[in-house]
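Residue numbers (full-length UniProt numbering), protein chains in the order written: chain A, 1 to 555; chain B, 1 to 80.
For the record, the hints were derived by calculation from the structure and aren't laboratory data.
Careful, some of the hints might be misleading.
What the hints assert, rightly or not - Heads up, simulated DSSO-like pairs for lysine-lysine below, C-alpha to C-alpha not over 30 Å straight-line:
(1) K93(A) <-> K31(B)
(2) K533(A) <-> K7(B)
(3) K31(B) <-> K484(A)
(4) K220(A) <-> K185(A)
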Amino acid sequence: MANPSAVCNGHLHHHHHHQKQNNILKSGIYKKNGITKGIKKNGISNGTLYKKKFVEHFEQAPMYVAVFTFLGFGVGTIFGYLRDFMRAWGLEKRNIATEREQQKDFVPLYQDFENFYTRNLYMRIRDNWNRPICSVPGPQFDLMERVTDDYNWTFRFTGRIIKNVINMGSYNYLGFAETDVNALKTVTIELQKYGTGICSTRQEMGTLDKHVELEKLVAKFLGVEDAMVFGMGFATNSMNIPALVGKGCLILSDELNHTSLVLGARLSGATIRIFKHNNIQSLEKLLRDAIIYGQPRSRRAWRKIIILVEGIYSMEGSIVRLPEIVSLKKKYKAYLYLDEAHSIGAVGATGRGVVEYFGMSPDDVDVLMGTFTKSFGAAGGYIAGKKDLVDFLRTHSHSAVYATSMCPPVAEQIIRAMKCVMGLDGTTQGLQRVRQLGKNTRYFRRRLHEMGFIIYGNDDSPVVPLLLYMPGKIGAFARRMLEKNIGVVVVGFPATPITESRARFCVSAAHTREMLDTVLNALDELGDFLHLKYSRYSKSSHPELYEETRLELED
Amino acid sequence: MDIKSMKNYLYWLYCQFELITCSYLMEPWEKLLFYTFNITMLVMVLYTAYIFVSVHISTAFQFFLHLLGNQHENTVSVVK
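Isolated chain B (complex conformation) (with noise of 0.2 Å):
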């Protein structure tokens, strides 16, 4: 029953996007330009989170760490 009740919560989910994009409206062709569109960006915001957001953070954490403890003086590899 709860998978259900997602499936049909996930597909409402997805009329309201329709809904409000206005894809809703659309010839087939063009909902597939405009999702592949919205995918391809999706995509794109994903991978460069992935690829850059843990690095920021491991700096970050590495700078606050260096600001309060002083205690990474001889790390050479943290350059920024």
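Isolated chain A, as found in the complex (with noise of 0.2 Å):
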């Protein structure tokens, strides 16, 4: 494992002192109900689990915010019944898909909330998502230019296409979504040698040299001693969760965890309980609840008690707090489901993910998960662990068993991403992508802070959403980012609280720094023209004064 303190965020006398006293805390000297009875750095408590400082902020926007996003729902609601009522009475032609007549007396199926918004709210701003692309999902992008006749009810395409649009919505963290040559030379041979279909799942025929190839490299690259691959990433958690647990087992799973992993813990039949986002209080209490009474009505113990995490979150770009995690499911003898598909290859000194971010060793993870699609520029997921485990998923896996396996140029460039990484191709390109991705993210955040916006997250996660709270500010967002040859994501009610709307910006180490100039630029002005800047923490008043006093390793 790479030594942490190659790139540090700027604390490296801080650093040395804790990296001393860390090593004889892992040692086990220290556990006596879970509170380190360790040196106390600055007050924190906890302080001696984190080598290096965690900074997250979630900043609640004033109180005037809230009552002009309440407003602005408001109206929107009323003009929605107003509409529906139009529709109910024949004043309006009807566009979207409503029951039949001889259907009237059944019971509705489009009067609930979610149908009543996609409606009358969703259908308003539509096209600002599903965006046709036509270029590979680099820095830049070519966008297919759509207008719309009928207020986004239907939408047609003019022909033209609108170059080099700056991407801030890609998981592209590493920039492997790349169509140089060069690059992409022993794809083109496996593509010449393999084809592209499979035509059959692991257990029968489907099972290829590139796939053994592919999970002893992730095995190694982890650090861990198997993994398995899979085709496809939300596959992974949804069909692997219900072969890990069943009925009699509990899960505890985080708040804000991701759909597939909240389908999976569903499809298992396992009892879930959810407990707030990386509060881990929350976690400790229900743990400790679990074990007292046991299953609800036999009050027999659980035959197994799961935690379900993701290593970035992607909605908050908040990081999973690993080290206290570890320390209780140590504590309370539970096991550890660390989804990391947004932080693979994002975080860490060499790009190993959330485990080396905190310099943890992978052995403290039961089962590490984590996605292809993000940062190697490819698809599919693994799963990796000890070896008993993955051997246990060969063959009782959904996956394994029905889904057909991933095909082998997408798997060989898995490969040579992850060999560039690792710099296993002679190069110190990979390393470079890593360090390259931590400056721009690190640029990106602080500007975004000292103009005045509010971010979620934590410092060093490339995920950076930026908050709109207005509905009417997403769809005016989005289109005058595009206008100026920016494509944004901004996301809404369902995936994010109603009243907390955002704009999600995924940072890649393929940006220069002039593309994120001009992005921080339109930001700027764009911010003043909406009023975006709700922040009351902002540190633009004296740029001059923190220029001096900041340790960032800029080259």
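Since each chain sits alone in its own frame, please combine them into the complex, following the hints.
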């Protein structure tokens, strides 16, 4: 495992003290009720579990913002009812799905809030989603222009292509979504050797030597005994959790877990309990209650207790509090399932995910799961851990038995990307990409904080959500950014709480400083025009003071 | 120059109003309906203020003078 002090946030002295201390602490001398009796630096409790400062921001907007947001939704709802009334009485054409005449007396299908919201609020700003692109989603892409004649019910393409839109929405953290011929040489060779289709599942005739090579490489990359790869990242979660837990087991899942984890948990049939997002006290209380009271009616002990968390939460940009969760899991003898979809390749000194970011050993986590979609420019997912676990999954997972395996050119793309990150191809390009991503992330977040926007999440996470709050601003923001040739992803109600809509930026190692500056200047202008700078802690009043005291290792 | 920046500021305020009340998202006929309703309510409130507030203020003024100075014992016009 590479030395984590190689890339640090500039707190070098702080780090060396903790390094020595943590080596003593790791050997297990400190365990008493999970509270460390070591020296506390800066009075931070649990300061000894974390080697670097863990800084997360979840600032609340001023009260008038909440009032205006509700006002906006109120007006939208009133007009929604008006339009529904007009549609029901035939004064307006119905464009969306309705029940048939013969089914009018049946249980109504489209009366719930989700359908109301889709019909009346989502449709008005629908042109900001599902935009078709027609090039590789690298740091810039080409967009097909589309217009609507009837207020977003139908679209038509004008035939024009908008070129070189700066891409702030793709999960291209290390920049491996590229079409450079030299980079894709091995992928082309494998494509010509194997073709594209597998036409079988892993257990029948779909295991190729490429899969075996890839699995060995993934295991080496993560520092575990064995790994298994699957063709689809979502299916990795939803099809493997049912194989690991069943009835009589307890799943403790974070509030803001991804849908794939929720689906897998529900499919398994185990009891699910939710703890507050990244809140260790809530998790500990649930664990204690589970062990003290056991299963609901029979009071028997739970067969298994498993904690489902993610490395980086993609809507908040927050990083999981892994050291504390691992100490809890050891104390209460539970299992830990870590979904590193967004964090593998994106955090950590050499890109090995949150386990390396916190300086922990991969043996602490029972099931390491991740996807290749985000940082490796391919598709698919993996599950890694002890050899017994992976052997069990090879026979018992639904994905292994029924799903088609990963296709060979994609496997080769992952192999070449992973070799690049590990440095096995003889260059330092991989490490440079990881460091460039770290630099870009810190620069982007710092500038946004200085400008006065409200940004959620950890300072080291490449996912940057910028809060917009009001429904009217969602559409305005996305449209105006596209006019300035920048493509952003805005997120509204079903994926986020209804009053906290946001624009989510994904910083990439392939973004140059000029591209980031273009985006930041555009955001500055737009922030002033749309009045988005709600933060009360902006440091922009004295920028020259902060220049001197910043310890960033900027070249 | 002052007129221009004033006009820009007013335009900016109008844009904020549009964004906050979601009228940016509405179709033209909905905007017409919404603004008509708003302007009607505003005009009614102002008219009510014009008619009644001045009477209320002068009444309150005389009541407080009566309380403090007891100078208008013989006035019969103030009945409350």
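Right, here's what the structure says about each hint:
At most 30 Å may separate the alpha-carbon atoms for a hinted pair to count; K93(A) and K31(B) meet this at roughly 19 Å. With a CA separation close to 23 Å, the supplied pair K533(A) and K7(B) stays within the 30 Å bound. With a CA separation close to 27 Å, the supplied pair K31(B) and K484(A) stays within the 30 Å bound. Between the alpha carbons of K220(A) and K185(A) the distance comes to roughly 23 Å, so the proposed pair stays at or under 30 Å and holds.
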